[in-house]
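The listed protein sequences correspond, in order, to chains A and B. Number 78 in this note's numbering belongs to position 78 of the first sequence; there are no gaps in the numbering. Number 416 in this note's numbering belongs to position 206 of the second sequence; there are no gaps in the numbering.
In case anyone wonders, no lab produced these hints; they're calculated from the structure. Each hint should be verified, as a subset may be incorrect.
Calculated lysine-lysine pairs in the BS3-like style (CA-CA distance at most 27 Å, straight line) [to be verified]:
{"id": "1", "chain 1": "B", "residue 1": "LYS270", "chain 2": "A", "residue 2": "LYS122"}
{"id": "2", "chain 1": "A", "residue 1": "LYS120", "chain 2": "B", "residue 2": "LYS230"}
{"id": "3", "chain 1": "A", "residue 1": "LYS149", "chain 2": "B", "residue 2": "LYS231"}
{"id": "4", "chain 1": "B", "residue 1": "LYS270", "chain 2": "B", "residue 2": "LYS230"}
{"id": "5", "chain 1": "A", "residue 1": "LYS50", "chain 2": "B", "residue 2": "LYS219"}
{"id": "6", "chain 1": "B", "residue 1": "LYS219", "chain 2": "B", "residue 2": "LYS231"}
So, partial list: chain A residues that the calculated Cβ filter (under 8 Å) puts toward chain B [stated by the list, open to error]:
{"id": "7", "residue": "GLU100"}
{"id": "8", "residue": "LEU105"}
{"id": "9", "residue": "ASP108"}
{"id": "10", "residue": "LEU109"}
{"id": "11", "residue": "GLU111"}
{"id": "12", "residue": "TYR116"}
{"id": "13", "residue": "LYS120"}
{"id": "14", "residue": "THR123"}
{"id": "15", "residue": "VAL127"}
{"id": "16", "residue": "TRP208"}
{"id": "17", "residue": "ARG209"}
Please read these numbers as outputs of a predicted model, since none were measured by experiment. Note that the Cβ used here is the ideal one computed from N, Cα and C, for glycine as well.
The lines below spell out each chain.
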Amino acid sequence: MMVFIAEIHSGQLPYNLGVTLIRVATSFLLAMTLGSTFGILLGRDQSLDKFFDNWLIIFLNIPALVTIILCYVWFGLVESAAIFAVVVNKLPNVVVTLREGTRVLDRDLIEMAESYQFNKTKTLCHVIWPQLYPFVIAASRTGLALIWKIVLVVELLGRSNGMGYQLHLFFQLFDVASILAYTVAFIGVIQLIESLILKPMDRHASRWRR
Amino acid sequence: MNNLLIDIKSKTYPSAGRVKKVCAIENLRFSPVRGEFLCLLGPSGCGKTTLLHILAGLDKDFQGNIEWSNHKQPDPRIGYVFQQPRLLPWRTVRENIELVLPPNHSSESIQTLLTILGLDETQYTFPQRLSLGMCRRVAIARAFAIEPDLLLMDEPFVSLDAPTARRARNLLIDVWSQRPHTVIFVTHDLREAIMLADRLLFLSASPSTVISDIQVSIPRNERKDEERVEQFRNQLLHAHPETADLL
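Chain A extracted, bound-state conformation:
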């Protein structure tokens, strides 16, 4: 606890946590938007789906470490390579979840919208989006958890700031107290995100259920 307070006072912990958070947020947003677009496309188009299905399985199962190392080797030890590595790791997950979501879209309701001449935006907002929403939330939950972990590995391997880098430093010094202090901060942030963002989103999505 003392270490935790000391770390906050020195400014080291907030700084590194901030850097990591920015990386998490960027790669999360990128992975979610790209993944949702791809997933919806694959869910709608069977031939596209057949073509990419194998690739998806391959990318789902490539170890995170391999993509990270390859990205650093190919693109150099730069920030964009780090973000790219994280996105590549997360993307297939989002694609698979959203593809499932698109496949189970209710044909009946889409027909209803068509017969009452809903325009594209109306259909998207009121018919399609509410059905995809639970899948987006599921992808966000698993996504956040995965991205946290991968960002730390990325930082440990090839960045000179962020929590991963710090933890690596503490590991070399066998400084268990500091490692625990960082873990506490980490848990705190996750709890905040869960209760301030994801839980309310969840409640909003299920308010109409019995």
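Add chain B to chain A, keeping to what the hints say.
Just chain B, lined up with the frame of chain A:
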């Protein structure tokens, strides 16, 4: 006076896997008069829902013509009450109705409809919390809300208990007679059809064509009398024995 000519030469579903090609409709021709309440009767699976889908413009893969004559607006408004209510579960009853209307609709007209159909108190409830009968009424309200030129109803009262169905039928006639428009109503129930319709069309088993076309001669104010309906039904089955096998 006819404003709609329905002429479907053929509608086939292509073969899929082990299912063979099915010809659902063949040479089906009829023409509802404007403001007429028309009931379609036929054995199940004879292509009635397919026909409504075609009329609603949901199915464009058929040979034939749907023609509107002397119609002023470019697009006739079509209200469709599906076999299942097909309400958006994540929108309240009122939102479900508001959604089918243009943005500048009047809230009074919705209010009137809700009151007539007895949905006043449930208008801010989500559909999953309502009974099936209620949901069906919402679906009917939704179809009426757009003030359709043509109202398609696909067995809207099936699986309702008898008193609820009777009330729903009376409501339907009430709302319809306030603003008469063409209705095409699909049902299996001959009594229901006689109670509601101006004209009955009997369709054959698939591929379906029109077998008989019968005017219902009972005046509207006598239709609540069940004996009168029963009497007409017996006469009809006697005079047109071909219809008896269909139902």
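How the hints compare with the structure:
no.	hint	in the structure
1	B/LYS270 with A/LYS122	22 Å, holds
2	A/LYS120 with B/LYS230	35 Å, violated
3	A/LYS149 with B/LYS231	54 Å, violated
4	B/LYS270 with B/LYS230	21 Å, holds
5	A/LYS50 with B/LYS219	37 Å, violated
6	B/LYS219 with B/LYS231	16 Å, holds
7	GLU100	19 Å, violated
8	LEU105	13 Å, violated
9	ASP108	5 Å, holds
10	LEU109	6 Å, holds
11	GLU111	5 Å, holds
12	TYR116	4 Å, holds
13	LYS120	14 Å, violated
14	THR123	10 Å, violated
15	VAL127	7 Å, holds
16	TRP208	4 Å, holds
17	ARG209	6 Å, holds
The structure fails to meet hints 2, 3, 5, 7, 8, 13 and 14 from the earlier list, while all remaining hints are met.
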